[in-house]
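Participant: Chains A and B supply the protein sequences, listed in that same order. The first sequence finishes on residue 222 if you use the working numbering, and the numbering steps up by one all the way, no holes. The second sequence finishes on residue 222 if you use the working numbering, and the numbering steps up by one all the way, no holes.
Hints are supplied without guarantee of correctness; some may be wrong.
[Claimed, not checked] Straight-line Cα separation of at most 25 Å, DMTMM-like style, residue types lysine to aspartate or glutamate; simulated pairs:
#, chain 1, residue 1, chain 2, residue 2
1, B, 54, B, 93
2, A, 54, B, 197
3, B, 133, B, 29
4, A, 133, B, 20
5, B, 133, A, 20
6, B, 105, A, 20
7, B, 133, A, 194
8, A, 133, B, 141
9, B, 105, B, 60
10, A, 133, B, 13
11, B, 54, B, 72
12, B, 105, B, 141
13, A, 133, B, 72
Read the hints as simulated data drawn from the structure, not as lab findings.
Protein chains: 2
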Amino acid sequence: MPALRKSSAATRERLLRAAERCFTEHGYEGSSLRQITRMARVNLAAVNYHFSSKRELWLEMMQRRLGPLNAERVRLIEVARAATPVGSVVSLEQICEAMVLPVAKAFRDGKSCNLTAARMVGRAISVPPALSKELSRRSLDQYWRVFSAALRDALPDLSPAEIEWKFYFLMSAMLGALAWQGRQQGLERELNTDNLEPMLRRLAAFIASGLRAPMPVAKAKV
Amino acid sequence: MPALRKSSAATRERLLRAAERCFTEHGYEGSSLRQITRMARVNLAAVNYHFSSKRELWLEMMQRRLGPLNAERVRLIEVARAATPVGSVVSLEQICEAMVLPVAKAFRDGKSCNLTAARMVGRAISVPPALSKELSRRSLDQYWRVFSAALRDALPDLSPAEIEWKFYFLMSAMLGALAWQGRQQGLERELNTDNLEPMLRRLAAFIASGLRAPMPVAKAKV
DNA sequence: GTCTATACCACGATAGAC
DNA sequence: GTCTATCGTGGTATAGAC
């Protein structure tokens, strides 16, 4: 690779940081490239040069965060599997905690959690559908194999289709819970460092119990 | 009310119908007012005259669908309560089915389900956060009172805050499941009239079991 | 009161100079 | 690599016809 004439990497990094703040605070279409580049103190056209489009800027910003998060999830599942006696399997509760709890851990800046990043993950559900679908393709599909394998072991009676349905519900509940923090009337408290992890533990318990629930047979009438 | 000189109501209705098709198919920011007004065969400025903005057009379109849906949910809960012996309460399973199953029922056009409308409900999670928050304020808050009262009766040991957390998880799983239909790799089948109701039954079972799960006490370390 | 034509400004994107 | 200028399209506002 040839030597860079100027601080190209620094410009990229400043853009990614500004994008994290902007997108998390104002949403995808609520954030303009002019606003982001002003905050990053770079030229408007720099976005197109470094990322080719607003869409790719968002995707790279998300992938940078989801990479370590998913790596930690896989690591926790493998640690649990290594600690499991032969003939036994990793429990649903362990799987769900591996899925949910790293959200608090992966985004630590020093002692406290980077809430902007954590919230960002939940907000991934509030972008144009084509965008979140592409993000899922890039950052979740490879992880899905590990996770569904653990689920199949823990739920040997369920068909692959039923596993996938439950995985949908699980992911939806998790992203929605992160995104909806403090948005409902009555529950005014915002997401903060102190209540993030207890919320995630409640969520993991909710999901684990839901996964264990028997699948109902279809009936004719509502 | 004075007599209308022209077909104001017809213009409104055509705009709402076109908006349903457009917003559901292309998402909120993926649908332009020029596209919607062309489809409705009305002038661009008609949106501003009848709804004052794109935002309000979307909100009115959603409220028109969520009204009957929530009315049916409340009706089902009250029917279940009426059929419950004194000293007993409506079960979690009944509550969850009342919450979830009307999605299939409320959107019937004649014999089959209007899938555009059903999908629209799920897509409400993929709009700018400020929009879905406003929709929740207008269409869900009044319903929340009935629903949380039933939940409190079914789960007398939980604090109001814990009830609200679980309601978050419930709503997130439901909206996400509707929105995510057919978007994951591996599960390619699209939402259709035949598989909507079985999916909703699976979802209701998932949620009911999750709601019943004991809330974990917070621990120190992940 | 209802509808139309049109102007306005902000947006994302890009070409080409430096 | 960076910047300026510019293009097409978006939501919105308004003046005026009917």
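Participant: Indicate, hint by hint, whether the structure satisfies it.
Facilitator: Hint by hint, here is what the structure shows:
{"no.": "1", "hint": "B:54 / B:93", "result": "violated, 38 Å"}
{"no.": "2", "hint": "A:54 / B:197", "result": "violated, 38 Å"}
{"no.": "3", "hint": "B:133 / B:29", "result": "holds, 16 Å"}
{"no.": "4", "hint": "A:133 / B:20", "result": "holds, 22 Å"}
{"no.": "5", "hint": "B:133 / A:20", "result": "holds, 21 Å"}
{"no.": "6", "hint": "B:105 / A:20", "result": "violated, 41 Å"}
{"no.": "7", "hint": "B:133 / A:194", "result": "holds, 24 Å"}
{"no.": "8", "hint": "A:133 / B:141", "result": "violated, 30 Å"}
{"no.": "9", "hint": "B:105 / B:60", "result": "holds, 21 Å"}
{"no.": "10", "hint": "A:133 / B:13", "result": "violated, 32 Å"}
{"no.": "11", "hint": "B:54 / B:72", "result": "violated, 28 Å"}
{"no.": "12", "hint": "B:105 / B:141", "result": "holds, 22 Å"}
{"no.": "13", "hint": "A:133 / B:72", "result": "violated, 32 Å"}
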